[in-house]
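J.: Letter by letter, the chains look like this.
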Amino acid sequence: MREEITYGTVAGYGLTRKSTIWETLTSERYFKWTLLIPLIILLGIFMVYPLLYCAYYSFHQWGMRGDALYVGAQNYRQLLNDKAFLESLYQTFKVLIICIVCELLIGLGLALLWSREFRGENVVRGLALLPLLVAPLILSLLWNFMFEYDFGAVNIVLQSLGLNKIYWWSPERALYSICFITIWQWFPFATFVLVAGLRSLPKDVFEAARVDGASPWYTFRRLTLPMLSPLIMIVVVLRTMWLIRLFDPLYGTTRGGVQTELLDWMVYRTAFIYFDIGYGSTMAIFSLVLTMAICAIMFRILMKALGGTK
Amino acid sequence: MGRFGKIIFWIITLSVLFIIVAPLAWIYLTAFKSPNDIFTTDVKKLVFFKFTSENFQRLFREFPFWPNFVNTIIISTTSTLVVLAISALAAYSFARWNTGRGHLLFTTISTRMFPGVVAAIPFFVLYRNLGLLDTRFGLTLLHIYFNTSFATFLLYGFFKEIPEELEQAAMIDGYSRVDIFRKIVMPLVRPGLAVTAVFCLVWSWNEFLFSFLFTRVAARPVTVLISSFWGSIEVQYGPMAAGAAIAILPTLVIAWFMQRYIIRGLTFGAVKG
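Quick note, the sequences are listed as chains A and B, same order. Quick note on numbering: the first sequence equals residues 1 to 310 in the numbering used here. Quick note on numbering: the second sequence equals residues 1 to 273 in the numbering used here.
Some clues are possibly wrong.
In the DSSO-like style, the derived pairs of lysine-lysine whose C-alpha atoms are separated by at most 30 Å in a straight line are [stated by the list, open to error]:
hint, chain 1, residue 1, chain 2, residue 2
1, A, 94, A, 304
2, A, 203, B, 6
3, B, 6, A, 32
4, A, 203, B, 272
5, B, 272, A, 165
6, A, 304, B, 44
7, B, 6, A, 165
In short, the hints are calculated from the structure, not lab data. Just so it is clear, the structure is predicted and the values come from calculations on it, not from any experiment.
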């Protein structure tokens, strides 16, 4: 009997102690931070650790075996004189600009076409959005097959139309073929963001412009485009984020060959094919700083654009 | 729009749809072709050919398609559940209290811009030492990492839509913060959770870089298997198309039924399409 009471008290004591910690965690003051604990732990592990790791090894020479050799800033010096690396940087920006410009132009054209509600709209939208959620890797394998020289569907159709077959993966064309695949998958994205934008524009302003006798081109340039600009910015920012890290379409097609080596592929090749962790880390750090700089600017613009739509 | 305008409208619309849908249909056509019909140069045979399930039979017999498919399912569902738990808490905190005054939210979202290869190098070495390479657990962890920022940002938008007055009213009724979150906020944000979950599932389903670098045999997801058909000694177009046909089917179905939410999801909640 006596024992039982003691046991009960201890357990009860334990409970109250626990609840004070719980009370602190859920108190008005700390609750907002408590909610963030899992996220902060996750970010700590998956962001801070790789960052410190890469920063450390970027000053070393290490091939995954044996001891790392401290080499100072030699990796960085090598990087800035590395023709292949600078070339990949140039190619990445080329892809970035080609894809974003094409997606926006196609998207704007189609958005203007589809901006008014029409019958069959749900079917059109449903079909047009299909490629967006399909794995980019699988789509690149698909296009690789369709662009095959001898028995690819595209060349067979071209030939049956009496045109010449095209060697899609030649060194001059391969990069553009990859751009094409990406644009093909993503132009519906730009299109429907802009459709959403066009549909939310205030009607009375356009009515007024029409009454005042403004030409369609003038209305488009002076009214539609400026009012759409926050949405155009959203497309540019998000596409930059994704395109700067383009990797999957390369794996499915050229695997970095025929002058299509982009930034992330370069890092991948150095670190995971040549196992040059030191130099790979240097590239990774460089690519990270570059991405962060671009994205910090982009994020500012995006936040402003978001303020514009709400 | 006059009659002429309407005709032009539908000609353009239908050709655009053809350009989008034809390549996807091509996967399904190729999947049911015999090798002879795959390697044909006859334009008629592109569409008219004898149906065969040979490619599917080869895929199931000669390649570990189903085990890899199961890997994909396990990895994507587990990672999605964990991601939802972590990001729902965090997104609520960001939406209600603007915790960290935007800096923390920016840090979170910037992991999405983090080059995957930067994380891949240290984790490859770490995983090798811990014996986590080629395990579903290891890959799931990485998928949790790359989806959390996206989910947090998307959910942030959904939490923002819940009026604060509701919570204040509940506080007057004597609800604690935890009760408010569990009994009032969570039920209201359920549609948002569903949308976020579907997107996380899709990203994890499609993810390639980490899957490809961190798995070999045991934990290999289906995307990596399909990529392996191209580039070995000969290109296995038949099984590749058959595998792709099955692997992309869930994402196509999701895209069709989620069409109202795709733009919202892809713009991190910024544009309500």
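J.: A separate judgement is required for each hint: does it hold in the structure or not?
T.: Now the hints, each set against the structure:
{"no.": "1", "hint": "94/A <-> 304/A", "in the structure": "holds, 26 Å"}
{"no.": "2", "hint": "203/A <-> 6/B", "in the structure": "holds, 22 Å"}
{"no.": "3", "hint": "6/B <-> 32/A", "in the structure": "violated, 55 Å"}
{"no.": "4", "hint": "203/A <-> 272/B", "in the structure": "holds, 19 Å"}
{"no.": "5", "hint": "272/B <-> 165/A", "in the structure": "violated, 43 Å"}
{"no.": "6", "hint": "304/A <-> 44/B", "in the structure": "violated, 53 Å"}
{"no.": "7", "hint": "6/B <-> 165/A", "in the structure": "violated, 35 Å"}
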